[in-house]
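*Asks:* Please work from the sequences and hints to get the whole structure.
There are 2 protein chains.
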Amino acid sequence: MEKIKRNERLAVMTQVLTAAPNRIFTLGYFCDMFNTAKSTVSEDVALLEDTMKKFHLGRLETVTGAAGGVRYRPVQVGGPQRPFVEGICRKLMDPSRVLPGGYLYFSDILADPEYVSGMGKLIATAYYGTPVDFVLTMETKGIPVALMAAQALNVPLIIARRTTKVYEGSAVNISYVSGNGSIETMSLSRRAVKEGSRALIVDDFMRGGGTAGGMVALMKEFNVTVAGICFVLGLENPTAHMIEGEKCLMLLSDIKPGESYTVRPADWVL
Amino acid sequence: MEKIKRNERLAVMTQVLTAAPNRIFTLGYFCDMFNTAKSTVSEDVALLEDTMKKFHLGRLETVTGAAGGVRYRPVQVGGPQRPFVEGICRKLMDPSRVLPGGYLYFSDILADPEYVSGMGKLIATAYYGTPVDFVLTMETKGIPVALMAAQALNVPLIIARRTTKVYEGSAVNISYVSGNGSIETMSLSRRAVKEGSRALIVDDFMRGGGTAGGMVALMKEFNVTVAGICFVLGLENPTAHMIEGEKCLMLLSDIKPGESYTVRPADWVL
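As given, the protein sequences belong to chains A and B, one line each in that order.
With the numbering used here applied, the first sequence closes on residue 436, and no number is skipped along the way.
With the numbering used here applied, the second sequence closes on residue 436, and no number is skipped along the way.
By construction, these hints were calculated from the structure, which means they are not laboratory data.
Warning: the hint list may mix true and false statements.
[Said to hold, decoys possible] Derived, one-sided and incomplete: chain B residues facing chain A with beta-carbon distance under 10 Å:
id, residue
1, L176
2, A186
3, L265
4, L276
5, E305
6, P310
7, L313
8, Y333
9, T351
10, S355
11, A358
12, E361
[As the list claims (entries may be wrong)] Covered, in the sense of this in silico footprint (three residues per stretch, anywhere, with C-beta under 8 Å from a C-beta of chain A), are these stretches of chain B:
id, region
13, 227-239
14, 278-292
15, 322-332
[As the list claims (entries may be wrong)] DSS-like mimics (lysine-lysine), calculated; alpha carbons at most 25 Å apart, straight line:
id, chain 1, residue 1, chain 2, residue 2
16, B, K169, A, K219
17, B, K171, A, K204
18, A, K220, A, K171
19, A, K331, B, K422
20, B, K219, A, K169
21, A, K360, A, K331
22, A, K219, A, K257
23, B, K219, B, K204
24, A, K386, A, K360
25, B, K257, A, K331
26, B, K220, A, K169
27, A, K219, B, K171
28, A, K422, A, K257
29, B, K220, A, K331
30, B, K386, B, K331
31, B, K219, A, K171
32, A, K171, B, K360
33, B, K169, A, K220
34, B, K204, A, K220
35, B, K422, B, K386
36, B, K204, A, K171
37, A, K204, B, K220
38, B, K169, B, K204
39, A, K360, B, K219
40, B, K386, B, K413
Idealized CB from N, CA, C, for every residue including glycine.
*Replies:* Structure (structure tokens):
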């Protein structure tokens, strides 16, 4: 086999690692790929780690032990993430987004691949320190961000539904009180989730935490631990507070007719 | 500024380009990033193009003209994609997936970041030759794949809803006949779509094309051209055929009680 230059090896390793964030690749994997010695791959990894640091491309980490190797985490890609979130806040502060009833239109942001990819990485970054087996969201608007967070965490996404669907098989249904006080139902396929696993709840908007509270109750039915709850946007002063320990990427002041409102990144967003 | 080695430049360019598929980066963008001459970046691009070809990492393309530069497309990443799709087909042929009524459980596949990322790239690959301004899907199950296709095409995702939602603003509603013959409604926010643009419809399952037919009708209301229709899974022998020109990634034979069924990749999947 033709010798592969370091140039090429670094480009290939970059793509393989960044395409599968949070997955551990053994050095042997790259030795086989390049038909090269472990010491050479070790040097490559060290070089790549420095380059990624220098150019703010995320973090390359060496994991020791039997299941050890190297893994990539998209932490602070492009530098500090606060300006990225501030950019979204500015878009959300466009008064033409205010809808009758004081709602804020942000479905476009929540389905834009570039925005949701960035937000998903930020959410994952906040939970890399916590064991998470899957990301849970409730249909519909939070799905894209939740998917991107799941991808960055290297775990599956599970989607709870509003009603039981025949194509989900037998399901667990619960009732919960939504943010606006109405009684809603939530349904999740029995086969979707393993008992004893750990869920990260990701959703688009928190008014009082009603829907997330429903998801917490749903997880209890499955004997699943909730490892964290994260929203894209939350009220600065929630109308109620039916959950605890949640994070929001952005905070929205009350929207009152004729008055201006603000959207700002949460303090933990650096 | 310290001189940046080719090693490093190639690693950085790989990440920047692969993280933003189908987006054109000018050579000047990288000249500024590395404080280096255009001729050097040109050589880097040529090298990277060869490496990506050699290692099946996708296609790096030079685009000439005023808006020219270099763009990355995740075409045949990892080699031929047929084995990847065959792997999904094998999973779907597990008889424990058959639900009462002849439905097939595949929500888990449709929300797995690795599967939907691969399938999204395959769908995008099939439409790189066609101008597409956005991807349209109907909630819920197709959203992850549609998002990944949108990301690979570098366009937004638009999600049609089953009912009008207050937080979507004023909306266009249509009625359509679903695959199982019932009358359903579909709603899309007025502000979601620009007149005169071009939509690629992506959805999870085609029985007779009813829902997709609804999306086609909905696009007509917005004066939007349908550039293509692609499903993750379709019936080998559809119960009806309410649309035309569609593609499916995988084809499912009829599921009859007690009989075995097959799922196979479509012929266009190479």
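*Asks:* Please work out if K220/B and K331/A have their alpha carbons no farther apart than 25 Å.
*Replies:* violated, 45 Å
*Asks:* Under the criterion of a CB-CB separation shorter than 10 Å, is S355/B in contact with chain A as hinted?
*Replies:* Result: holds, 6 Å to nearest chain A Cβ.
*Asks:* Given the hinted pair K360/A and K331/A, is their alpha-carbon gap at most 25 Å?
*Replies:* Given that 25 Å is the threshold and the Cα spacing comes to 20 Å, the pair holds.
*Asks:* So, as I understand it, the hint says T351/B touches chain A; can you test that by seeing if any CB pair is closer than 10 Å?
*Replies:* Since chain A brings no Cβ nearer than about 15 Å to T351/B, farther than 10 Å, the hint is violated.
*Asks:* K204/B and K171/A were given as a pair; does the straight-line alpha-carbon distance stay at or below 25 Å?
*Replies:* holds, 23 Å
*Asks:* Does the structure keep K219/B and K169/A at a Cα separation of 25 Å or less?
*Replies:* At roughly 16 Å apart (the allowed maximum being 25 Å), K169/A and K219/B satisfy the hint.
*Asks:* When the nearest CB of chain A is found for E305/B, is that gap smaller than 10 Å?
*Replies:* With a minimum Cβ separation of about 4 Å from chain A (threshold 10 Å), the hint on E305/B holds.
*Asks:* Between the alpha carbons of K331/A and K422/B, is the straight-line distance 25 Å or under?
*Replies:* holds, 20 Å
*Asks:* Sort out whether K204/A lies within 25 Å of K171/B, counting only the CA atoms.
*Replies:* holds, 23 Å
*Asks:* Given Y333/B was flagged as interface, is its beta-carbon under 10 Å from a beta-carbon of chain A?
*Replies:* holds, 4 Å
*Asks:* With the threshold set at 25 Å, check whether the alpha-carbon distance from K422/A to K257/A stays at or below it.
*Replies:* The given pair, whose Cα atoms are some 18 Å apart, holds under the 25 Å limit.
*Asks:* Under the criterion that the straight-line Cα-Cα distance not exceed 25 Å, is the pair K386/B, K331/B satisfied?
*Replies:* This hinted pair holds, its Cα atoms lying about 21 Å apart.
Figure legend: structure checked against the earlier numbered hints; hints not met, in rising order: 9, 12, 13, 22, 29, 32, 35, 39.
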